[in-house]
Amino acid sequence: MRFIPHTADDVRAMLDHIGVADIDDLFENVPIELRRSATLALAPGRTELEVRRHLESLAAKNSAAAAACFAGAGAYPHFVPAVVDQILQRAEFYSAYTPYQPEVSQGTLQAIFEFQTIVSMLLGLDVANASMYDGASATAEAVLMAARVRNKRRRVIVSRAVHPHYRETITTYLEGAGLIDVVEAPIDAQGRTDGAWLAQNIDEQTAAVVLGYPNFFGVIEDVAAVAAIAHAREALVITATSEAVALGLLKSPGELGADIAVAEGQSLGIPMSYGGPGVGLFATRSEYVRMMPGRLVGEANDTAGRRGYVLTLATREQHIRREKATSNICTNQGLMSLAFTVHVCALGKQGIRNVALANTAAAHRLAQRLGSIKGLEVPFQAPFFNEFVIRGKRLDAARAAAQKSGLLAGISLSRWYPEFGDAALLCVTEVHEDSAIDALVRAFETAAK
Amino acid sequence: MRFIPHTADDVRAMLDHIGVADIDDLFENVPIELRRSATLALAPGRTELEVRRHLESLAAKNSAAAAACFAGAGAYPHFVPAVVDQILQRAEFYSAYTPYQPEVSQGTLQAIFEFQTIVSMLLGLDVANASMYDGASATAEAVLMAARVRNKRRRVIVSRAVHPHYRETITTYLEGAGLIDVVEAPIDAQGRTDGAWLAQNIDEQTAAVVLGYPNFFGVIEDVAAVAAIAHAREALVITATSEAVALGLLKSPGELGADIAVAEGQSLGIPMSYGGPGVGLFATRSEYVRMMPGRLVGEANDTAGRRGYVLTLATREQHIRREKATSNICTNQGLMSLAFTVHVCALGKQGIRNVALANTAAAHRLAQRLGSIKGLEVPFQAPFFNEFVIRGKRLDAARAAAQKSGLLAGISLSRWYPEFGDAALLCVTEVHEDSAIDALVRAFETAAK
Amino acid sequence: MQEQEDEQTPSGPIAGKQAGLILDEPPIFERSRAGRIGVWTAAAPAGAESVLPAELLRDSVDGLPEVSEPEVLRHFLRLSQWNYGTATTFYPLGSCTMKYNPVVNEVAARLAGFANLHPFADDDAAQGALATIWEVERILAEVTGMDAVSLQPAAGAQGELAGMKMVRAYHVDHGRARRKVLIPASAHGTNPASAALCGYTTVQIEGNRLGLIEAEAVRRAMDDDVAALMITNPNTLGLFEREIVQIAEVVHSKGGLVYLDGANLNALMGIAKPAHMGADVMQINLHKTFSTPHGGGGPGSGPVAVRQILEPYLPTPRVVCRDKTYAWSSDFPKTIGRVRSFHGNFGMHVRALAYMLALGGDGLKLATQMAVLSANYIRKSLEDEYHLAYPGLCMHECVLSDKRLEEYGIKTLDVAKRLLEYGFYAPTIYFPLVVSGAIMIEPTETESKETIDEFIAAMRAIAREARETPDVLHDAPRRTPVGRLDEARAARRPVLRWTKPETNA
Amino acid sequence: MQEQEDEQTPSGPIAGKQAGLILDEPPIFERSRAGRIGVWTAAAPAGAESVLPAELLRDSVDGLPEVSEPEVLRHFLRLSQWNYGTATTFYPLGSCTMKYNPVVNEVAARLAGFANLHPFADDDAAQGALATIWEVERILAEVTGMDAVSLQPAAGAQGELAGMKMVRAYHVDHGRARRKVLIPASAHGTNPASAALCGYTTVQIEGNRLGLIEAEAVRRAMDDDVAALMITNPNTLGLFEREIVQIAEVVHSKGGLVYLDGANLNALMGIAKPAHMGADVMQINLHKTFSTPHGGGGPGSGPVAVRQILEPYLPTPRVVCRDKTYAWSSDFPKTIGRVRSFHGNFGMHVRALAYMLALGGDGLKLATQMAVLSANYIRKSLEDEYHLAYPGLCMHECVLSDKRLEEYGIKTLDVAKRLLEYGFYAPTIYFPLVVSGAIMIEPTETESKETIDEFIAAMRAIAREARETPDVLHDAPRRTPVGRLDEARAARRPVLRWTKPETNA
Ligand SMILES: Cc1ncc(COP(=O)(O)O)c(C=O)c1O
Ligand SMILES: Cc1ncc(COP(=O)(O)O)c(C=O)c1O
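Chains as they are written, first to last, in our numbering: chain A, 486 to 934; chain B, 486 to 934; chain C, 124 to 628; chain D, 124 to 628.
These aren't lab readings, by the way, just hints derived from the structure by calculation.
Keep in mind that this is a model prediction, so the values were computed, not measured.
Any given hint could be a false lead.
[Claimed, not checked] Listed below are several chain A residues computed to face chain D (Cβ distance under 8 angstroms; list not exhaustive): (1) Ile489; (2) Ala528; (3) Phe564; (4) Asn636.
[To be verified] Under the rule of at most 27 angstroms between Cα atoms (straight-line distance), these lysine-lysine pairs were calculated in the BS3-like manner: (5) B:Lys736 <-> A:Lys546; (6) C:Lys377 <-> A:Lys736; (7) B:Lys546 <-> D:Lys447; (8) D:Lys572 <-> C:Lys623; (9) A:Lys637 <-> C:Lys623; (10) C:Lys377 <-> C:Lys447; (11) B:Lys736 <-> D:Lys572; (12) D:Lys572 <-> C:Lys572.
Backbone N, C-alpha and C define an ideal beta-carbon position, used for all residues, glycine too.
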């Protein structure tokens with residue numbers, strides 16, 4: 486077997502040294518009935534060429550991967566410069582474990598330290614961890630953390646405009662974990678979380694309020710206003726960002742008053758890959774650092790005073806604290822945090838802003854063009870980033886027509902928001918060529934006729 | 486500019502330090518008229534995304550790249566395991582120069598030493614160099630070397646069954662370089678170089694005779710017989726192999742009596758890439774080592790006795806010997822020799838033989854099937870490796886039909902061998918799936934009807 | 124001093140070369156210069172600045188580095204060279220199954236048809252992705268004997284969470300959630316943490332003097348308030364729980380469920396199926412047993428597999444297959460819901476499938492056999508020099524300790540640090556907690572006997588050094604990019620992000 | 124001793140880290156074990172052994188290694204870590220233009236539409252490849268001012284060969300081949316070697332005390348038996364040949380041709396076009412100026428560019444374009460023929476095009492400007508400590524020498540070896556031959572000022588060490604994977620391949 490180096494001679498020598506007659510003898514502690522019934526009804530091994538052909542044929546059956554993708558909704562088509570994957574393919578990075586032995590893991594450790602720094606800069610908060618699984622579970626962990634911080638409170642308010650998957654994940658995580666109620670805050674006519682409702686409903690029992698930023702409809706929430714209300718009642722504010730590119734342009738959650746800010750980092754450095762792996766970003770104020778979930782890397786000095794990095798504050802974690810840990814997370818999204826870091830470094834201060842500007846400008850242009858088609862409207866008037874909702878009677882027909890021309894024309898909202906009727910969420914980024922945008926407009930125009 | 490780190494501040498500081506006012510001042514030694522007319526009428530720079538799109542659109546216009554390729558003739562479709570490219574993408578390998586400073590180039594040097602070892606094993610000769618440009622120029626260099634070894638002789642015999650490009654290259658290289666005649670040896674009815682003709686024509690003026698092994702028609706020449714004749718007249722025997730996989734199965738050129746053996750190594754580890762880069766292999770007997778062209782790596786010890794590797798015997802080379810060098814070659818095909826080495830190591834002793842056996846078996850099966858189609862014949866009866874000639878009246882129509890079904894159905898021979906009429910050279914390797922082979926047979930059957 | 128040390132170094136990965144050069148590299152922020160850029164993005168389109176109200180916008184992000192592409196590449200290349208990885212050396216980290224990550228897996232996951240696929244693509248335009256997930260589920264079901272599988276969880280711990288949420292949902296469905304979960308003392312920390320996240324109180328079960336859980340001990344702890352036993356098999360001592368079948372019976376007899384931590388599945392393929400042991404639910408770590416890379420700490424993938432009784436509770440959506448057509452279905456009213464967005468770490472599913480197909484049934488069994496063979500070979504070769512925590516045959520890993528070295532003032536940590544100097548990554552240390560000074564060694568099946576022999580020689584040499592020149596161990600490692608780092612101080616005054624040095628501010 | 128040395132090391136790539144660990148790795152043949160395999164090929168089909176007559180077949184190739192895939196990967200990864208490359212550190216190798224190799228080029232060349240294309244594909248099924256070659260030719264023509272280009276030559280030296288064959292063909296066509304070629308003493312070794320390969324006798328032209336060729340010197344050597352002058356501009360001293368236009372006139376006036384060695388084109392883009400200098404033919408090294416990687420010694424690509432009078436002689440086939448359709452044509456009866464198989468190192472053409480498009484006209488000029496700026500900055504920063512071979516402004520590189528260090532017993536070689544320890548690759552040394560103990564430094568435009576400053580600091584520190592602690596230089600390098608190797612002995616008793624150690628035989 487090409488991945489297993491043991492030759493027949495090796496096996497013989499090793500068995501002799503151990504002092505057993507054959508391989509089966511090594512398993513004598515496994516009850517014989519279990520061994521007898523353990524046969525694997527699986528095909529025999531294949532050559533690399535066969536494996537590759539099989540996978541290629543599966544990949545070829547994903548016709549949507551070749552479409553011009555105007556779908557966002559939590560996973561975004563962005564350009565990833567080649568330098569990112571060049572780094573990810575470094576076996577020294579991808580074949581290492583969580584950096585338990587810092588002296589021979591400084592590469593991973595320094596990269597995480599840089600990641601933590603960048604995440605805290607983007608989210609505008611003091612401290613970020615080494616990553617969470619994704620935006621959704623990071624949001625759920627943020628809610629759990631808020632419940633620890635405000636540990637006498639029993640209620641969490643989650644905006645209905647938060648990504649549906651994130652909301653579902655919060656529900657799953659909270660079920661059974663203490664006795665916290667999740668209350669949904671409604672949406673106003675602008676596509677924002679209803680401020681008046683929040684003013685009435687955030688109370689002394691409220692541990693935290695969760696907003697999307699931008700929210701699921703691409704709309705930029707007025708985080709500062711909500712924070713003012715929440716903080717007045719000592720509730721924490723959590724923001725969840727699924728389009729991390731927005732953080733290069735919009736005021737940071739921290740600046741607007743968020744106490745915990747989480748995000749999905751896929752947009753920066755990571756292909757959509759059918760939704761995973763991405764990387765969850767998690768940041769908070771330094772006063773809460775010992776309540777944070779997830780690993781943390783800190784600076785340290787060696788015996789000669791050299792600067793280095795180590796895993797730190799591990800007493801929060803499951804391998805030390807077990808059932809009292811701040812989270813059960815162990816393996817996180819290490820390599821994806823590296824992708825994120827490399828991409829942000831390559832873009833830099835200027836580049837990330839340029840990309841964000843290009844995104845928002847292109848999305849607004851398209852919204853305008855579509856909104857001026859008879860029968861279609863852009864229902865929400867609040868400012869949005871690179872996603873927006875479009876509504877109209879014949880929308881599904883238009884989307885189906887567009888799909889025929891090789892376009893993935895957004896996501897239908899009805900499965901999560903039946904109240905909107907025929908509505909779709911469209912996303913435009915720097916990858917969309919004018920020709921594809923024109924084709925999309927044409928498809929919608931034709932269907933509207 | 487993303488590849489140029491100089492900021493405006495940097496430029497200013499550097500100019501000040503140099504003591505010039507501006508950039509133009511640096512070029513004051515360049516006559517002003519030259520500078521005035523040096524404007525570049527080229528488009529402005531593009532983003533990485535734009536560059537990539539442009540290249541992708543060009544790549545997409547090569548429809549033949551998606552075809553099932555039954556063409557060989559010097560460039561062969563073979564499977565390259567993923568580990569090869571993983572190594573080639575190591576920037577420490579690809580971004581290094583020729584290893585002039587051995588202490589920080591041991592990676593490149595040891596890899597070349599391994600390459601030389603493998604090449605000498607495959608070719609069955611004592612010593613191999615660090616690579617030549619390709620099979621064709623390696624053959625030309627072999628002829629030049631033979632002329633140095635037999636420096637009183639004025640004639641080189643080159644078989645007409647040697648790859649036409651190799652023959653053309655010999656002609657170009659020899660033109661003007663001393664006064665050596667190139668004489669073409671004819672082909673016999675079996676597709677071999679005409680032994681009787683050779684017996685008559687190799688004489689005391691003959692420095693060397695060049696055979697393809699296998700030859701251009703895939704046919705396995707009787708090198709031993711030719712060597713017996715040649716050596717009797719103290720002429721050298723040169724073999725040129727364009728399908729290196731054959732060397733995993735056929736007796737080595739050295740064993741059969743070749744004095745210099747060259748090959749194109751593309752088949753092992755390197756994609757066809759429209760014909761380049763590949764890698765030229767070059768080996769000979771140790772008595773001729775100081776006459777060899779190209780770089781050589783040798784073992785050496787450091788001051789503490791550690792084993793290491795260095796460039797050696799450089800007194801043969803242009804940078805020391807200038808006009809008296811054994812060749813003008815400087816940059817060779819370094820990274821491609823690494824690809825070759827990794828692929829051969831991954832295959833190993835067993836694997837290379839298995840691949841070669843699979844190739845020859847598949848080619849013979851196809852030859853049989855095509856040969857039994859009415860109107861088609863396999864004209865040459867001599868044993869062949871993985872290529873063979875097929876002949877028939879409606880061959881071009883058959884090939885055109887096959888092309889429509891996404892098959893590159895061999896290479897027409899008429900441009901080089903008008904005497905064969907309607908004939909094509911077909912190649913079969915381990916990459917051909919039964920379905921593609923069946924489609925090819927069907928296309929030929931249909932056209933034959 | 125340095126040179127004296129060198130002489131004591133036996134053959135192994137570092138023999139034969141000089142100390143070597145490590146190129147330094149500061150945090151990338153210190154490379155930043157105003158105006159540099161690493162990706163040339165198109166200039167923002169005219170007017171883009173005014174598309175959104177100015178009060179919504181931040182200035183450009185303060186502190187983000189400004190570096191050119193050559194600097195970005197060089198920075199991360201240098202960093203990479205400071206790491207050991209399985210690709211560069213033996214990485215015998217117990218419980219982590221640091222096997223070889225086949226390169227073809229990486230190629231497969233990067234195919235455009237996978238990498239560019241949006242998770243909300245219509246099912247009919249994503250049949251290949253659905254088939255990939257389906258195939259992985261089927262193979263996992265075959266290997267574990269379980270009835271149904273979900274690939275949604277992002278890692279082992281999330282698989283545990285999903286599994287325990289299902290345990291809870293099951294009990295709620297059958298009357299009440301119950302309150303307790305039994306967990307052996309040797310369990311991985313994620314087990315109690317996951318149970319706690321589901322609102323359970325954990326009850327610790329002690330192993331016997333052979334390192335095993337006895338059915339009798341479970342019986343004593345078991346009552347009808349116990350929701351489940353979370354058991355690892357083979358356990359974290361590398362030992363097969365011989366009474367597993369009886370244990371499961373005990374748990375089931377009181378209406379409890381058996382959660383099996385499947386992190387050690389590499390010891391079981393073709394040898395024993397968890398379902399036959401009585402497991403009702405388990406997670407599988409694709410990044411251990413199925414060769415997807417650990418990535419310096421992820422991404423992993425932690426599929427959860429269940430027997431029929433728990434199938435209704437699996438996370439949704441699930442892949443269903445009708446007439447060879449695949450579709451996502453959320454039509455499972457009893458589901459625990461989702462534990463994350465989309466369909467899991469799909470890129471890892473592709474890699475795992477590539478691996479499963481490459482090995483096939485026979486290959487998977489061979490992997491297990493060779494992993495267990497190698498672990499026993501190491502155990503046998505070291506048990507005279509090191510204290511072996513529990514005697515006798517082990518499965519895929521073995522646990523030693525520093526017991527016999529204490530008298531020389533040598534601790535497990537010293538052994539680990541010295542090993543780094545010999546060119547090996549260290550075993551897992553101080554885990555499992557039930558063994559004081561544990562040294563947990565898992566070679567996996569992808570290391571050659573020669574490498575294992577070199578490792579054994581190094582371990583034996585270190586034991587000798589511990590007795591003869593203990594300071595060599597205390598001072599180790601001296602040839603790694605940095606020496607021992609002051610972790611205590613780092614935790615006392617945490618510096619968790621880069622900040623501009625005061626002087627430059 | 125080691126530690127003392129460390130203290131003397133100023134800031135630079137190696138500061139701040141311990142000596143570091145280099146993992147050793149023997150020649151792969153020593154890893155071989157019978158029965159191992161790294162690529163699982165399908166078993167040979169039944170009967171395959173008897174398809175060919177047994178007497179034609181060899182036994183399996185004696186000595187080829189048998190290793191598993193994990194071992195193959197680890198072997199070459201470890202080897203790679205022993206190298207410096209431009210990607211990991213500053214590589215100021217003069218005359219080699221070791222600029223950054225953009226990663227996107229690598230992606231482009233690997234696109235299936237390029238990589239899987241057979242060279243004999245019909246032109247209509249390879250339009251993208253033909254267009255690629257065509258675009259590169261057009262851009263090279265624009266940059267050089269030449270009229271026609273062929274991308275066939277595999278490297279610079281082969282470009283020279285093709286160029287000189289054309290010179291010869293031209294003269295033959297115009298009466299007789301002529302017999303001599305004039306070459307400055309500072310020329311690269313490939314120049315005389317290529318001329319000799321075309322049957323020419325070389326006549327050396329000496330430079331003046333400014334390092335320049337004077338028109339007068341050429342006039343003296345010029346007669347109607349001179350086929351061509353091969354001149355490098357800027358020359359290998361990094362100096363622009365100020366009389367180039369007059370020199371060309373002298374050559375042309377006697378019916379000779381001017382061959383311009385274009386290896387230093389990185390100093391000229393947007394600044395001066397060789398055609399305007401009077402060049403009739405030149406080669407361009409895509410692996411220098413146009414960023415294709417050097418690959419540890421290739422593959423390169425050495426397009427040859429000519430003025431109209433030489434166009435008929437270009438190698439064939441050539442790309443022709445009619446109605447936006449490209450085709451190969453061999454319909455050039457005066458061609459010198461081919462210098463290699465197929466269409467050149469096409470993969471390099473793709474990479475070069477990616478680079479040319481990325482930079483555009485302005486970017487190429489900027490590259491030249493910044494390269495020259497950096498070289499002058501280095502020159503200016505070192506000329507007080509090192510002897511500068513020729514005073515005044517340089518172009519893209521500058522040449523120092525060991526003249527001032529001789530009195531301390533220090534040679535250029537010692538400086539170079541010590542630089543390696545500082546974490547830099549060494550400049551080109553002992554070339555050009557006209558400068559005794561030459562140290563030829565070419566920074567290129569892709570290195571940051573900070574890196575260049577670190578290099579300057581290291582060079583200055585070494586000059587100081589030469590005076591104060593010369594043994595530190597004589598003993599260098601001590602921190603690289605191996606120390607100075609005995610090259611003389613290696614050449615006396617060449618061991619050019621691995622052989623089984625006697626004891627194992
Ligand atoms: C026994 C055991 N269980 C559970 C886990 C948790 O798995 P993961 O790290 O994938 O979350 C681990 C991983 O370290 C483990 O070793
Ligand atoms: C001035 C000069 N001319 C010619 C060459 C030869 O180019 P190549 O190495 O590509 O054959 C070189 C390369 O070193 C050079 O520096």
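For a C-alpha distance cap of 27 angstroms, please report whether lysine 637 of chain A and lysine 623 of chain C respect it. Cα-Cα ~38 angstroms, so violated.
Does the structure keep lysine 572 of chain D and lysine 623 of chain C at a Cα separation of 27 angstroms or less? This hinted pair holds, its Cα atoms lying about 20 angstroms apart.
Would the pair lysine 736 of chain B and lysine 546 of chain A pass a check requiring their Cα atoms to be no farther apart than 27 angstroms? 45 angstroms, violated
Restraint outcome when alanine 528 of chain A is required to lie within 8 angstroms of chain D by C-beta distance: 14 angstroms, violated
Given the hinted pair lysine 377 of chain C and lysine 736 of chain A, is their Cα-Cα distance within 27 angstroms? Between lysine 377 of chain C and lysine 736 of chain A the Cα gap is close to 56 angstroms, so the pair fails against 27 angstroms, i.e. violated.
Under 8 angstroms is the threshold here; is the Cβ of phenylalanine 564 of chain A close enough to any Cβ of chain D for the hint to stand? 11 angstroms, violated
Sort out whether lysine 572 of chain C lies within 27 angstroms of lysine 572 of chain D, counting only the CA atoms. Since the Cα atoms of lysine 572 of chain D and lysine 572 of chain C sit roughly 49 angstroms apart, the hinted pair is violated (cutoff 27 angstroms).
Is lysine 377 of chain C close enough to lysine 447 of chain C, meaning Cα to Cα at most 27 angstroms? With Cα atoms ~41 angstroms apart, lysine 377 of chain C and lysine 447 of chain C exceed 27 angstroms; violated.
Interface hint check: asparagine 636 of chain A, Cβ to nearest Cβ on chain D, cutoff 8 angstroms. Holds or violated? Asparagine 636 of chain A check fails; min Cβ-Cβ to chain D is 44 angstroms, beyond 8 angstroms.
Checking one constraint from the list: CA of lysine 546 of chain B to CA of lysine 447 of chain D, max 27 angstroms. Satisfied? 13 angstroms, holds
Interface hint status, isoleucine 489 of chain A versus chain D (Cβ within 8 angstroms): 7 angstroms, holds
Keeping to a limit of 27 angstroms between CA atoms, is the pair of lysine 736 of chain B and lysine 572 of chain D held or broken? 57 angstroms, violated
Violated hints, in rising order: 2, 3, 4, 5, 6, 9, 10, 11 and 12; the structure is consistent with all others.
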